[in-house]
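Taking the hints into account, I'd like the entire structure generated from these sequences.
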Amino acid sequence: MDWINAIVQGVLLGGLYALFAAGLSLIFGVMRLVNIAHGDLIILGAYLGLTTTSILGIHPLMSLVVVMPLMALLGYCLQRGILNSTLGDDLLPPLLVTFGLSVILQNSLLELYSADPQKLNAGIIETASIEVGSLAIGILPILMFFTAISIVAGLQFIFYRTALGRAFRAVSDNQDVAQLMGLNKRHIFGLAMALSLAVTAVAGIFLGIRTSFDPSVGGGRLIFGFEAVIIGGLGNLWGTLIGGIILGVAQNIGAQINPGWQLLSGHIAFLIILVIKPKGLFPRISG
Amino acid sequence: MNIPLKYHVSRSSRLSRLVSFITVLALILLLAVPLLVGRADRVLFGVMFLYLALASLWYLLAGYAGLVSVGQQAFVGLGGYMLFALTIFAGFHPLTAIAISGIIGAIIAMPVGILIFRLRGAYFAIGTWVIAEVFRLSFAQIQSLGGGSGSSLPVAIVKSLASSRQMREWTSYWLALGLVVLVIGAVYLFLRSRQGLALMALRDNELAASSLGIDIWKTKFIVYIVTGALTTLVGGLIFLQKLRISPEAAFAVNDWTAFVIFIVVIGGIGTLEGPIIGTLVFFALRELLADLGTAYLIVLGLFAIFVMLRAPQGVWGFVRSKFHIYLFPLNYKVERFREDD
Chain A
1 MDWINAIVQG VLLGGLYALF AAGLSLIFGV MRLVNIAHGD LIILGAYLGL TTTSILGIHP
61 LMSLVVVMPL MALLGYCLQR GILNSTLGDD LLPPLLVTFG LSVILQNSLL ELYSADPQKL
121 NAGIIETASI EVGSLAIGIL PILMFFTAIS IVAGLQFIFY RTALGRAFRA VSDNQDVAQL
181 MGLNKRHIFG LAMALSLAVT AVAGIFLGIR TSFDPSVGGG RLIFGFEAVI IGGLGNLWGT
241 LIGGIILGVA QNIGAQINPG WQLLSGHIAF LIILVIKPKG LFPRISG
Chain C
1 MNIPLKYHVS RSSRLSRLVS FITVLALILL LAVPLLVGRA DRVLFGVMFL YLALASLWYL
61 LAGYAGLVSV GQQAFVGLGG YMLFALTIFA GFHPLTAIAI SGIIGAIIAM PVGILIFRLR
121 GAYFAIGTWV IAEVFRLSFA QIQSLGGGSG SSLPVAIVKS LASSRQMREW TSYWLALGLV
181 VLVIGAVYLF LRSRQGLALM ALRDNELAAS SLGIDIWKTK FIVYIVTGAL TTLVGGLIFL
241 QKLRISPEAA FAVNDWTAFV IFIVVIGGIG TLEGPIIGTL VFFALRELLA DLGTAYLIVL
301 GLFAIFVMLR APQGVWGFVR SKFHIYLFPL NYKVERFRED D
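Protein sequences appear in the order of chains A and C. Residue 223 in our numbering is what sits at position 223 of the first sequence, and the numbering runs on without skipping anything. Residue 132 in our numbering is what sits at position 132 of the second sequence, and the numbering runs on without skipping anything.
It should be emphasised that the hints constitute simulated quantities derived from the structure, not laboratory data. Even for Gly, the Cβ is constructed at its ideal location relative to N, Cα and C. A couple of the hints might just be wrong.
Cut-off 27 Å, straight-line C-alpha distance, at most; resulting in silico cross-link-like pairs (DSS-like, lysine-lysine) [to be verified]: (1) Lys-279/A with Lys-220/C; (2) Lys-218/C with Lys-279/A; (3) Lys-277/A with Lys-242/C.
Label-pair ranges, simulated between beta-carbon atoms [to be verified]: (4) Ile-158/A with Leu-243/C: 49 to 57 Å; (5) Phe-146/A with Ala-90/C: 51 to 59 Å; (6) Arg-194/C with Phe-146/A: 24 to 32 Å; (7) Phe-323/C with Leu-56/A: 34 to 42 Å; (8) Thr-127/A with Thr-96/C: 34 to 42 Å; (9) Ile-216/C with Ser-54/A: 34 to 42 Å; (10) Lys-277/A with Thr-23/C: 33 to 41 Å; (11) Ile-124/A with Ile-103/C: 53 to 61 Å; (12) Pro-117/A with Ser-163/C: 42 to 50 Å; (13) Leu-112/A with Ser-149/C: 26 to 34 Å; (14) Leu-281/A with Gly-148/C: 28 to 36 Å; (15) Leu-56/A with Leu-309/C: 31 to 39 Å; (16) Pro-111/C with Val-132/A: 55 to 63 Å; (17) Ile-22/C with Leu-112/A: 43 to 51 Å.
Here it is, written out as structure tokens:
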């Protein structure tokens, strides 16, 4: 029974990892940018949620109304102001610049909020659970999981059913031709980053409700997100969700064997998949 | 009168010969540093040497082999832990332990390289970080080395290096100096060797190089193993200076990779002089802004971003493009000279 419980909880945890990963997957798909600061931006989302809830006295999930637009605006400005000029064939400029952003974010959060662990208080939903057979499944993990599914579905809809999505796919296929067809790629990239950070805001708030966080934990979240993206296959959002689930299940099975092995077994599952299928399980585009 | 013109191809120049002379003088001076300056400055010099070694290695990996790794902390931490494990459990002298750890670093780099070379570009970069995380979490499991909270090097082992504290600190300074000379010398000789020529051809155009019969995978793999081994050595020395190790400190991505990348980029990627200039600028900034606390890291991040966006060839690249100065004779150039007699 413990094992079934571990697997079910792992699947639900996978929803959170898919939320970490969806933003990464989106911007990589559109502009081949790997954002080292992604994890720190998730943590920034959590801290913005903390400030919003304490100032306005609202529920952390309600704070998304404020945090999502804020993060989206930050994403657009970041992309137009800095990141656009790093894009090109050379890998180093975006890597260094986002590394720089990561160091700046971590230390700014440290200055503003100190290194003390913080947590978002979501009240009753943190502990509420429903009985399924002999399993007790928490309301919060279920909420996280279905949020992840709806966000992936929403992104998928935007990508394949809207004018914006057509623009995303056009610049992804060929930037120059897209530009000739009248798209402003700098603006499109800005919108993609805005969307990515809006998703990141949701990820940050859920992270903050689920566990305590401090300015230094961003790097670990980036790695989980990255692993989910690679396991699922580049450019495939549903694949990313499955990647997150595989990661979550692997971690929980590891933790079931030995509590110290939780994170390690997630990484090892990732490396095994890398050996068997280097392009991930369901690749759409080549890296 | 017709003066015959002669051309010859040369690597060195009067400047580079002068520089090698000055380098020898500087090395003698640096050897004498413990006698000339106080403890704080000597410690600073020691740390600078180790960062310079890390930066030169990272630059070989990323600048020449195109292997942009953000996981070199895996080897730094491995070196540190090998120093502790081999001295505590196997009873080796610290210096023997560090030498052995270099070999272990090379051996570990092989399977890691085979695995991680399956990823390309940016995903290679983060893949190396995952490897470093696996190392960190694995070493945190070893309870006899202090598990997650880490441990200190036992006093008896520390004393085996030299009996007096002053002599120990001087030894560790000279070791750092020796290692940085070894690393820069190795990188320099490697780049001038046949393999180095292949590497530079790869850097300039992979397709053209492979059509000339260069084995891309093998050339990059050799570089990965060599840098892995040398980075492990540096890691051993870093933790011989610190005398205390924990998984968090040993495998810190910011300390051993982010700052190293900043140094290389600030100095100028693609030149062997770059890391030296970058290290000097990095530590000058650190000393200037020491009073700011963590805010200094914010300034550093901003400065690195500024250099990348406004002067992507770095400080040294800027100087070089303006004045055509090459301190290390790595490039060939055609010179014309007149023969009057």
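Outcome of the hint check:
About 21 Å separates the Cα atoms of Lys-279/A and Lys-220/C, which keeps this hinted pair within 27 Å; it holds. A hinted pair counts as satisfied when its Cα atoms are at most 27 Å apart, and Lys-218/C with Lys-279/A qualifies at roughly 21 Å. A C-alpha spacing of about 41 Å is found between Lys-277/A and Lys-242/C, which places the hinted pair above 27 Å, so the restraint is violated. Remark: the range hint 49 to 57 Å for Ile-158/A to Leu-243/C is upheld by a beta-carbon distance near 55 Å.
Judged by the Cβ atoms, the range 51 to 59 Å given for Phe-146/A and Ala-90/C holds: they are separated by roughly 54 Å. Between Arg-194/C and Phe-146/A, the C-beta spacing of about 60 Å breaks the proposed range 24 to 32 Å. Between Phe-323/C and Leu-56/A, the C-beta spacing of about 59 Å breaks the proposed range 34 to 42 Å. A hinted range of 34 to 42 Å is violated for the C-beta pair Thr-127/A and Thr-96/C, which are about 56 Å apart.
The beta-carbon spacing between Ile-216/C and Ser-54/A, approximately 55 Å, falls outside the hinted interval of 34 to 42 Å. For Lys-277/A and Thr-23/C, the hinted distance range of 33 to 41 Å is not satisfied, since their beta carbons lie about 50 Å from each other. Between Ile-124/A and Ile-103/C the CB atoms are about 58 Å apart, so this pair conforms to the stated range of 53 to 61 Å. In this structure the supplied range 42 to 50 Å holds for Pro-117/A paired with Ser-163/C, their Cβ-Cβ distance being about 44 Å.
Take Leu-112/A and Ser-149/C: their Cβ atoms lie about 28 Å apart, and the range 26 to 34 Å holds. In this structure the hint that Leu-281/A and Gly-148/C lie 28 to 36 Å apart at CB holds, the actual value being about 33 Å. Checking the proposed 31 to 39 Å range against Leu-56/A and Leu-309/C shows it holds: the Cβ atoms sit about 37 Å from each other. Separated by about 43 Å at the C-beta atoms, Pro-111/C and Val-132/A break the suggested range of 55 to 63 Å.
The beta-carbon spacing between Ile-22/C and Leu-112/A, approximately 47 Å, falls within the hinted interval of 43 to 51 Å.
In the structure shown, a violation is registered for the earlier hints numbered 3, 6, 7, 8, 9, 10, 16, in ascending order.
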